[in-house]
Amino acid sequence: MSKVLKKTQLSRDVFQLVLEAPEIASERRAGQFVILQADSDYSERIPLTIADADEAAGSITVIFQVVGKSTLKLAQLDAGDVVENVLGPLGMPTHIEKVGTVVCVGGGIGVAPLHPIAQAMKKAGNRVIIIMGARTKELLILEDEMRAIADEFIVCTDDGSYGRKDLVTAPLKEICEKGGVDLAVAIGPAIMMKFCAETTRPFGVKTYASLNTIMVDGTGMCGGCRVTVGGKTKFVCVDGPEFNAHEVDFDNMMLRQRSYKPQEQEANHKCRLQQAVDELQEQK
Amino acid sequence: MSYIPADKLREEAQELINKIDFSALKPKDRLAIPMQEMPAQEPSVRAKNIQEVAIGYFEEQVKLEAERCLQCKNAPCIKGCPVAIDIPGFIKAAAEGDYQKSVNIIKRNSMLPAICGRVCPQETQCMAECTVGKSLKDMEKSVAIGRIERFVADWEREQGRMSLPEIAPATGKKVAIIGSGPAGLTAAADVRKAGHEVVLFEAFHKLGGVMIYGIPEFRLPKVILDKEIDNLLSMGVTIKKNFLVGRTRKLSDLIEKDGFDAAFVGTGAGLPNFMNIEGEGLVGVSSANEFLTRANLMKAYTPDKADTPIFTGKKTAVVGGGNVAMDAARMALRVGAEEVYVIYRRTEKEMPARREEIAHAKEEGITFLFLTNPKRIIGDKDGKVTGIECLKYELGEPDDSGRRKPVEIKGSEFILEMDSVIMALGNSSNPLISQTTPEINVNRWGNILADGDQKTSMERVYAGGDIVLGAATVILAMGEGRKAAESINKLLAE
Ligand SMILES: Cc1cc2nc3c(=O)[nH]c(=O)nc-3n(C[C@H](O)[C@H](O)[C@H](O)COP(=O)(O)OP(=O)(O)OC[C@H]3O[C@@H](n4cnc5c(N)ncnc54)[C@H](O)[C@@H]3O)c2cc1C
Ligand SMILES: Cc1cc2nc3c(=O)[nH]c(=O)nc-3n(C[C@H](O)[C@H](O)[C@H](O)COP(=O)(O)OP(=O)(O)OC[C@H]3O[C@@H](n4cnc5c(N)ncnc54)[C@H](O)[C@@H]3O)c2cc1C
Ligand code: SF4
Ligand code: FES
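Quick mapping for you: the protein sequence lines, in order, are chains P and F.
Residues 1488 to 1771 in the working numbering are what the first sequence spells out, letter by letter.
Residues 985 to 1478 in the working numbering are what the second sequence spells out, letter by letter.
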């Protein structure tokens, strides 16, 4: 059982929870995630990246977007409430080393998992370029935190309401053209990661993507998180979540992410969700 | 086997009991008593509910079945039992109506009789050696040892008299048990009895291993498992759920830094195999582990309450022929599939599933396609499963396992329309512990190598159950957990 120590709303539908989890806080490394379950009997188990951890305080931070029933359940918690089950840290930590210049590309909620990686890359002595994107201004999260890490910082919005009016792949391409990039890390919606991979491929820039497949156990037991990487079947929860983006079959991954779409839609019409989130806000 | 209503079985047993003079039974009279069928829910009813299929013997039936036993001097059945239960001993006590004595005899060797009575493959173990079956020239007519075992264990639980074992005075030693399947649960109990402090680590949010996430409610009601776990708790075992050894903490850290004097690894064979054929990545294809976990552990069989989604296709194909395949197929019916097909590349005779499960599956209306194997899975433009292309097979020469090898018949391809496919091809061992603990040696399939005392290549670390044996059985896992506990207790006594 993990107590919620703090809850913050970061944007319209993005929330941050600080959870009591001393064992996880002391073992976790950048790139790893946890599986949370609000209650043992009927709740779903959902994976969320460990966005930050405080070993001394024995706490971890998760940042999530309300996209369905389980994330809504989490958003409804307040400081003092408990999350019955928190398992982690899971997955392989990101391989952090000094390579030179690293471009970190984050889209939407993907900025949350990207933050600890960018931080670690910087700490290892790399020059870090950060490109952040969102559909519109009010969906941007962690801008100040990311800006503080970056040696070069670019923000894009799809609708031009803030920063450049572009997709993140546009500045990524320009940077690659200038040369001197040693590594790229892309985290965001599958479609964004796919196009980031296509952008860096011609330049031969090694690129990692962190995959957000459907998961159940997170221990390698169910195979629900399987993806095809370099023609081989890999389990994201134990072999990943990071893989060489140039080898990932994103098209199949996107298909599989939609596996339970009909069931999920039944559980939460978009309008009902937004209404619930708005109600949360009003209560404040 | 065709379905006989429970009431009728009871009536028949009552009539028979009145006719028999039990004081003067000769072996041939015993052989003449008909084998007592297991009463079960009506097939068309049970296929749509999650309650236990087999109801359990009526008292009259236990009496008759126990009287069928010849009390053989050499007791060949004991040799067939992986944990050498005194079978004629407990059957005799049951025949005499002393159920407490009967269950006590079983418990000398098995910690989980209510579970083993339900899930052991008796037909390949004790019953395969039974003199009654041999005399009747039909091994399916052997004494129904497991059904008697189940009856006496259930009787004890229902009396609310389950006694707790004695616990030796505290030794100050601390033991880590990793995994809460039958191997881990048994090891935890036996080590605790010796007075050591025991911490049981489990990755999931519930205890029981495959018994909780894999074997369905309709075959093993979870209240039975919960009772066993309650007992463990009242023995003073500390339980740490949501703890993945290797990630939350490394095994070597438990031993070197956290003060554990020994550890037992019982992490099971939880790595689902796939066929690596075209279309396995389509939407609607899942492993049996995923399907059953969603259904059992995440309770997707109560769709009005559970948040976890599950495929409720109308036509489901299950590929495989073991218990896992039978469970997945029967669960698919219960979560809404209208037609379920089991696709197996050999014949019914070679199927590794328990006979009773196969019979039950047939009664419930599941279609079996033998000598058939998938070639590829077909999908539509949205990547959803629409069908499965299969090949017909025939049996050829025997292979290493002694079973005749299936060989494909060229050009025999045919397509079945399906909207979901469940792969039940068995499990390999979970590599997490061995990957994060290089000191532990494994064989080429990733199973941990353990010696006759269940000791691994790492000092103070023991292992048992499916992680050592590969996908095996509950009773073998329990037996290894027990043996490992013995070794650990010996080590700590030094
Ligand atoms: C390793 C990993 C790290 C992640 N980190 C974060 C994070 O830091 N912040 C964040 O907001 N999200 C993260 N996600 C995604 C997050 O797990 C899903 O958004 C969440 O599970 C949705 O649950 P729901 O019930 O609210 O929505 P649902 O109604 O179940 O689904 C809505 C959408 O979420 C996807 N989804 C559903 N269940 C899962 C699941 N179990 N795993 C992954 N996707 C799912 C569906 O494909 C669907 O498109 C991560 C996923 C993975 C695999
Ligand atoms: C669907 C199905 C049906 C079956 N039916 C039958 C049957 O009818 N009869 C029969 O005899 N056998 C049956 N079996 C086989 C039987 O269930 C197994 O042989 C038995 O459960 C093995 O026990 P175990 O203790 O070795 O491991 P498991 O039962 O697999 O338990 C291992 C436990 O360890 C946990 N774990 C794994 N890794 C870690 C880690 N790193 N840290 C912490 N915890 C961890 C897992 O979550 C799990 O709970 C069936 C199996 C399946 C899948
Ligand atoms: S072999 Fe059969 S008849 Fe003989 S003692 Fe065992 S159970 Fe009884
Ligand atoms: S989540 Fe089940 S195997 Fe990865």
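Don't take each hint at face value.
Cβ-Cβ distance ranges computed for the label pairs, FRET-style [as the list claims (entries may be wrong)]:
no., chain 1, residue 1, chain 2, residue 2, range
1, F, GLY1436, P, GLU1571, 31 to 37 Å
2, F, ARG1428, P, ARG1499, 36 to 42 Å
3, P, GLU1571, F, ALA1112, 43 to 49 Å
Below are the SDA-like pairs computed for lysine to any residue, each with C-alpha atoms no more than 20 Å apart in a straight line [as the list claims (entries may be wrong)]:
no., chain 1, residue 1, chain 2, residue 2
4, F, LYS1225, P, HIS1733
5, F, LYS1190, P, THR1700
6, F, LYS1241, P, HIS1733
7, P, LYS1560, F, LEU1379
8, F, LYS1206, P, TYR1529
9, F, LYS1299, F, ASP1364
10, F, LYS1241, P, GLN1606
11, F, LYS1359, P, ASP1528
12, P, LYS1719, F, ILE1208
13, P, LYS1585, P, GLY1567
14, P, LYS1721, F, PHE1258
15, F, LYS1225, P, THR1700
16, P, LYS1721, F, VAL1207
17, F, LYS1224, P, LYS1719
18, P, LYS1560, F, HIS1189
19, F, LYS1368, F, LYS1234
20, F, LYS1365, P, ASP1736
21, F, LYS1003, F, SER986
22, F, LYS1234, P, MET1579
23, F, LYS1091, F, ASP1070
24, F, LYS1190, P, ASP1528
25, F, LYS1190, F, ILE1208
26, F, LYS1224, P, THR1720
27, F, LYS1234, P, PRO1689
28, F, LYS1076, F, GLU1036
29, F, LYS1368, P, GLU1510
30, P, LYS1719, F, MET1259
31, P, LYS1490, F, LYS1225
32, F, LYS1368, P, ALA1657
33, F, LYS1224, P, SER1527
34, F, LYS1225, P, GLN1606
35, P, LYS1693, P, HIS1733
Read the hints as simulated data drawn from the structure, not as lab findings.
Bear in mind the structure is a predicted one, so any value in this text is a computation, not a measurement.
Where a beta carbon is used, it is the ideal one built from N, C-alpha and C, also for glycine.
Which hint numbers does the structure go against, in order from smallest to largest? The structure conflicts with hints 1, 2, 4, 5, 6, 7, 10, 11, 12, 13, 15, 16, 17, 19, 21, 26, 27, 28, 29, 32, 34, although it agrees with all the remaining ones.
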